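A.B. asks: Could you build the full structure based on these sequences and the hints that come with them?
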Amino acid sequence: MYQFLLTSRYLTSRIIPVLAVAAVALCVALVIVVVSVMTGFLDMVRDSGRTLMGDVVISYPVVGIPWYDDLIEEIEALPEAAAAAPLVDTIGVLRMPYPEGAGKEPKMVQIWGVDPGRFAKVTTYADTLMWPTIPEAARYYVARDRLYGPVAKSLDRQQKIAILRASGYEDTTSMSDGQVADLATALTQPEWIDHLRTVVLNSPDVIRKTLREDQLETIQSAVEAEIENDFDLEDNYREDGLTMRRNGQPGMVAGIHVSDANYRDSEGQYKIGRNGHWWLPRFQGALTTIPVDASGGTLEPETEVLPFLNEFSSGVFPVDESRVMLPIEVAQRLMHLDEAEIVDDLDPTKVVGVEPARATMILVRGQPGVEPLALRERVREAYRAFVTRVEEAHPDGPRPPREGINFGLNVLTWEEQNAAFIGPVEKERALMRTLFSIVYVVCAALVLAIFWAIVYEKTRDIGILRSIGASRPGIVWIFMLYGLVVGVVGAFFGLLLGWLVTSNVNGIHDMLAEPPEWLAWGLAVATAIMFFWTVIKLFGGRILPVVLGVMGTLVLGVFTTLIFLLDAQGGLVIWDPAVYYFTEVPNDIDVPEAIITMIGAVIFSLVGAAIPAARAADIDPVRALRYE
Amino acid sequence: MSESSPLLEARNLYKTYRMGTVDVPVLRGSSIHMEPGEWVAILGASGSGKSTLLHLLGGLDTPDSGEIRFKGELISSHVRGARNRYRNRDVGFVFQFYHLLPELNVLENTLLPGLVGAGIRGDRKRARELLEAFGLDHRLTHRPRELSGGERQRVAIARALLNGPEILLADEPTGNLDAETGQEILDLLKREHEAGLGIMMVTHDRSIAALADRTVVLQQGQVVPDESPVSH
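Residue numbers (my numbering), protein chains in the order written: chain A, 3 to 630; chain B, 8 to 239.
You may find that some hints are simply not true.
Some, not all, of what chain A presents toward chain B, calculated at C-beta under 10 Å [as the list claims (entries may be wrong)]: (1) MET3; (2) THR14; (3) GLY465; (4) ASP620; (5) PRO623.
Which chain A residues face chain B? A few, computed with CB under 7 Å, are given here [to be verified]: (6) ARG11; (7) LEU308; (8) VAL624.
Covered stretches of chain B, going by a simulated chain A footprint (3 or more residues, C-beta under 8 Å) [to be verified]: (9) 89–102; (10) 112–124; (11) 189–201.
These aren't lab readings, by the way, just hints derived from the structure by calculation.
None of the values given here were measured: they were computed from a predicted structure.
Backbone N, C-alpha and C fix where the C-beta goes; we use that ideal spot for every residue, glycine too.
C.D. replies: This is how it looks when you write it as structure tokens:
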């Protein structure tokens, strides 16, 4: 067909169709990038449910559910359920190890007491652990902790006072011994190691006078080991994080942003404050909670000092910023939800019963392929069976909360639990999609305008074709085929561009957040070259190169200025993790949406081409031929 | 005049063009006919409506009134498809300004009526033969802008003849060429005419019209026999 021949020739020998293809490509790329990021965001929200909480959650806050092991047994008997895990959820205040000195920063945290083994089966906890081993930056500090730790720990009150005075720390000379001793108790173990080491290196006589013989020996070998770089840094930080225990003692695993000393650099790498000094697993923290009794009254605050074992990164910013995980029995102790004996009111030595341990949440993970809603129904049934079973087994004991009576009891899917959060995201995506549909109209309008120009330019060709017998529909076909090819080629390039931008969106974002200097200077040089080129062209006698030169100089100049400005004010952070919950911008192409967008672009290219095509067919061939 | 109907016959054609708000009558009852294989020259001053008459005869335009018959069939009332076929197969246009498509090469330009009419196949063999006969075989893949005026007009004639029409409608075919090149084109037409091609040629040049079997003059919108002594 001559339409194919003409379309291919028109496409390859003109600049105008290139503009049309570029216009369509830009429209398609725009929609693909925006919708992919939005969909990716929504998917991340949904996936994080499984990552962090499993599929279905039974919750009864504060008071908790007694005999929860029976409930888990009941749930795990369901063919739809893969695993279930108990959890105690509360809030508390965590005393952070920083800053240096006596006044430490407290931080409000969400405490999750979990059974590490069962928790890992329900969630992907194991994959979120941050430190499989000691990070490079922290190795030096960990080595020092190991070498000087035993002595630092064995110091008595007088020794501590002497060392603090000798280390030149704060203004200890004007303090009484009592004040110095108070200060000493506030310092963390790694701080003690610092002071001890300073005094060992700078005032050996003080050390010789202060330390006992056995301590001196240990210090001597520690100094030698440090000098010769001869020490053993084997570690089980991952294992500690998984079991939430170190040497049998419970500890904490904090979200990566709980410690404000951790930050992400522009390459997306986590950095530890003061070159590794503030690596959290070196330290311990004091966790304080206010337990509440069954009727809502507050009890005396409880405090536990626990070592940090590891850190986790779920990718969900509010979680990583506030959650601290620890063994469930510690959380139960902190909240008075642990098993307790019930004693006789008149004779406290007489045990009359046992108050069972409680869990405020049960997380359930479904078997692969089971719909969360179906699972939820089965879990509700299991819960009812559990209530009946417990009431028969313990007629006098505390009753588990019941549906319809204890309104705080909820059995919900993760999506329902977080509907207030997911709902707006879904609405936002629908809104974005609607708004960006306007892009199609823009696409059609651009194709229309460009094709109008092409038809105008090709008027004579149309007359010639008619004179050799081409029909009106034949002429329409030329331009529809042309529109189709422009649409398809444009959509393809749009997909390519959209894919390039989307898959590099984090790199682009980080570049905006911290524009590299070479980019700014490169642009500055390009601006200068463009400017001189324009000046030279000014004497060339033609206007187009000058206009292009001025425009190019202006565009480059504006970009250069913007980049320098961004550099000066510390970059542009669009994807603020505090707003968007996730630390990374989603970067997967939404394939179905991309296909719909591409089809839409082709259809609207055809719509845009239809009007000029019809106009072309209606051109009077006699006039067209006279047109010279 | 013979009893059998002529190859092409136009009767009492009227055509008025609207220029702005003024109606300009171009043809006022023109009648013309040609026999198979005849070469008819239409003489006329510029603006006399020669081109309009040719466009009407070629089915490119429709008259306000009057009728045009090809082999006895009324083409002015043809349905569209039939008229497109008529332009594609039965007649071939040659214009003063060649009217080649700039994006297509010589062979493709020549093939175009074949592609338009027959679809995908297009008669490449015939196109090559024609171009070879016109001395363009070394120019097949050249673009029109790379050719001289004479070469372009030869390509245009090859295109017009591709589908083997019985009538060539030529509108001042040498009007844009120097005398020597124009003569080459006329020689070419003469050869084709001798081979049996009917030619309806519009010109304002009496010496060119002299090559025709018969010359008519278009004046004041009417076709009258040429009164000059030179006749067929």
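A.B. asks: Are the hints correct? Go through all of them and say.
C.D. replies: A quick look at each hint next to the structure:
no.	hint	verdict
1	MET3	holds (6 Å)
2	THR14	holds (8 Å)
3	GLY465	holds (8 Å)
4	ASP620	violated (13 Å)
5	PRO623	holds (5 Å)
6	ARG11	holds (4 Å)
7	LEU308	violated (79 Å)
8	VAL624	holds (5 Å)
9	89–102	holds (count 9)
10	112–124	holds (count 6)
11	189–201	violated (count 0)
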